[in-house]
Amino acid sequence: MKEVSFGQYYPVSSFVHRVDPRLKIIFLIAYIVAIFLATSFYGLAVCAFALILIVAFSRVPVWKVLRAIRGVAFLILFTAAINIFFYRGEGDPYFSWTVFAVYKEGVLFSAFLVIRLILLVTLSSMLTYTTTPVSLCDGLESLLTPLKWIRFPVHALALIMSLALRMIPILSDETERIKSAQMARGADFSSGNPVRRVRAMIPILIPLLISAFRRADELGEAMEARCYMGDKKRTKYKKLHFTWRDLVAFLLLAAVVTGVVLLRVYVGGVI
Amino acid sequence: MNIIAEHLSYVYNAGSPFAARALDDVTLTIEEGEFFGIIGHTGSGKSTFVKHLNGLIRLPSSLKHYRRPKAKKGRPAPVEPSLRVGEYDLASRKTDFYGLRKSVGMVFQYPEAQLFAETVFDDVAFGLKSFSRGMQEEEIERAVRAAIEMVGLDYQAVRDVSPFDLSGGQKRRAAIAGVIVTRPEILILDEPAAGLDPLGKREIMDLLHRIHGDWCKTVVIVSHDMDEIAENCTRAAVFSEGRLVCVLPPKELFARAEELFSLGLDVPLTQKLCIALEKRGIKLDCNLTVDGFVRAVLAAREGTP
Chain U
0 MKEVSFGQYY
10 PVSSFVHRVD
20 PRLKIIFLIA
30 YIVAIFLATS
40 FYGLAVCAFA
50 LILIVAFSRV
60 PVWKVLRAIR
70 GVAFLILFTA
80 AINIFFYRGE
90 GDPYFSWTVF
100 AVYKEGVLFS
110 AFLVIRLILL
120 VTLSSMLTYT
130 TTPVSLCDGL
140 ESLLTPLKWI
150 RFPVHALALI
160 MSLALRMIPI
170 LSDETERIKS
180 AQMARGADFS
190 SGNPVRRVRA
200 MIPILIPLLI
210 SAFRRADELG
220 EAMEARCYMG
230 DKKRTKYKKL
240 HFTWRDLVAF
250 LLLAAVVTGV
260 VLLRVYVGGV
270 I
Chain R
0 MNIIAEHLSY
10 VYNAGSPFAA
20 RALDDVTLTI
30 EEGEFFGIIG
40 HTGSGKSTFV
50 KHLNGLIRLP
60 SSLKHYRRPK
70 AKKGRPAPVE
80 PSLRVGEYDL
90 ASRKTDFYGL
100 RKSVGMVFQY
110 PEAQLFAETV
120 FDDVAFGLKS
130 FSRGMQEEEI
140 ERAVRAAIEM
150 VGLDYQAVRD
160 VSPFDLSGGQ
170 KRRAAIAGVI
180 VTRPEILILD
190 EPAAGLDPLG
200 KREIMDLLHR
210 IHGDWCKTVV
220 IVSHDMDEIA
230 ENCTRAAVFS
240 EGRLVCVLPP
250 KELFARAEEL
260 FSLGLDVPLT
270 QKLCIALEKR
280 GIKLDCNLTV
290 DGFVRAVLAA
300 REGTP
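These protein sequences, in sequence, are chains U and R. Under numbering that gives the first Met the number 0, the letters of the first sequence match residues 0 to 270, in that order. Under numbering that gives the first Met the number 0, the letters of the second sequence match residues 0 to 304, in that order.
With the rest of the complex left out, here is chain U (with noise of 0.2 Å):
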């Protein structure tokens, strides 16, 4: 049986790994605010050093966290390129030819654009790689508690979004099996032309869209045997609860914010 390394989690037990998965979903969230607050080159600085201390923190290798910003590498070069040579800015440009003109303005600009989006996508790709699919469910549902006073179905989308996530191996499992059934029996998924290839997906999609639905139907009965009602009444298995590592982080976010807003009030744009 091949074990399906699934999402991009990476298995290890460290500081950032046991943080509360709440925590961290906020801690993104404000990390990003906190990006698009800084307007210097000094506050991306603040919020560098914070996500060089998480990446330290996790145990997971630098080559990993570097492979998650190759993934947007080519957004992230279109956007350096529109902007070094579409920013006008003063003074003379250092090259120019006909609708392209690179400007000193420019390349600071462009570079502090990239450094954003670097920011950005590593500690987004952080969060996926210290947290199970299955807490990071958790702890969105957790946070969108509130909804429920608008009647929004927090506990139905949970449970969807959990399911999805748990069968995401299985299915992947089944359908390694099917193909393998398939290429057995000389099935080929290599070669031909595009609409030979999907035809010859066939074999391989209608078994398995049967067996997703009777997964999804004992999955359905197994959950009525052991009186399943939606969320009434319901405890957790795994309780979350806040530690002094969740102290820790809390406390780096708040550095990180207030870094920023002072930077941004005290120092303003260097650009």
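Hints in this document: simulated from the structure, not taken from any laboratory. Predicted model, so just to flag it, every value in this text is computed and none were measured. Among the hints, a few may not be true.
Claimed, not checked - Below 30 Å or equal to it, Euclidean Cα-Cα: the simulated BS3-like pairs (lysine-lysine) are:
id: 1; chain 1: U; residue 1: Lys178; chain 2: R; residue 2: Lys250
id: 2; chain 1: U; residue 1: Lys238; chain 2: U; residue 2: Lys147
id: 3; chain 1: R; residue 1: Lys128; chain 2: R; residue 2: Lys93
id: 4; chain 1: R; residue 1: Lys200; chain 2: U; residue 2: Lys178
Claimed, not checked - Computed beta-carbon distance windows for the label pairs:
id: 5; chain 1: U; residue 1: Arg195; chain 2: R; residue 2: Arg209; range: 33 to 39 Å
id: 6; chain 1: R; residue 1: Leu195; chain 2: U; residue 2: Ser189; range: 32 to 38 Å
id: 7; chain 1: U; residue 1: Phe85; chain 2: R; residue 2: Leu62; range: 42 to 48 Å
id: 8; chain 1: R; residue 1: Lys216; chain 2: U; residue 2: Gly191; range: 45 to 51 Å
Note that the Cβ used here is the ideal one computed from N, Cα and C, for glycine as well.
Chain U is already provided as a structure; the job is to place chain R on it using the hints.
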């Protein structure tokens, strides 16, 4: 076609935190004409081993970007794994894996999960159409009919029926027909009788005996049902934690009951009874089938005054 595996090793998800060694230096020969059994626990590497046999898992040396591992100082050079199935050398990059899969049929666990076509006929013909492109309609029909009848289904009654409307046992037969339709020389089955009732199990094993011989020269079954192995196989290999423990005919194999127990494996019911009787001083000579056991008991009883 003989199957000759030497120093076969395999690691799942190599180089990641999920890395798991599934096969460890397995050397094993399965000869043409055998009804071969492979025994082992879940995770013992038995399924990984059989997946190598038709190239669903490839030897590293048959992949594109393979680099021969360098010998480290002071240590002997690592042994290159090799695997030959008939004339196919699976360690080579030039192997015709398509041809190999045609000669080595593979029936997976719960094969009914692979059914997909609108009719049983189309499903069974799928393998034939992919392996033998340009076959005549009549030829296809003849081959499909032969395969469906071989597995004990009524051709006229099921040919235009949706495979999903068949019963559980019939689905499994239809799925097996879809594999044997290309007349592979070697047929490998992973837990062919899993999830069937005792009668269904017996019928499947009878079916395999019918297939073994004229239809497929060699049959390999993977199982953890010791009775199944004892009653059907000419030889059996025991896998444990990725390693090959031993390869013996069932009678000699199950005589080493203590060793099997220590690996967390069982022995057939008949062997257990023999052991229990031996403790009470009654020694039976039994071939481990239920019928054979009954005969041995009757013979022993007549022998006593």
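Checked hints:
With a C-alpha separation of about 37 Å, the suggested pairing of Lys178 (chain U) with Lys250 (chain R) is violated against the 30 Å cut-off. For the suggested pair Lys238 (chain U) and Lys147 (chain U), the alpha carbons sit about 19 Å apart, so the restraint of at most 30 Å is met. Restraint check for Lys128 (chain R) and Lys93 (chain R): satisfied, since their Cα atoms lie roughly 24 Å apart, inside the 30 Å limit. Taking the CA atoms of Lys200 (chain R) and Lys178 (chain U), the gap is near 26 Å; set against the 30 Å cutoff, the hint holds.
Distance hint check: the CB atoms of Arg195 (chain U) and Arg209 (chain R) are about 37 Å apart, consistent with the given range 33 to 39 Å. Range check, Leu195 (chain R) to Ser189 (chain U): Cβ separation about 35 Å, and the 32 to 38 Å hint holds. Judged by the Cβ atoms, the range 42 to 48 Å given for Phe85 (chain U) and Leu62 (chain R) holds: they are separated by roughly 46 Å. Distance hint check: the CB atoms of Lys216 (chain R) and Gly191 (chain U) are about 33 Å apart, inconsistent with the given range 45 to 51 Å.
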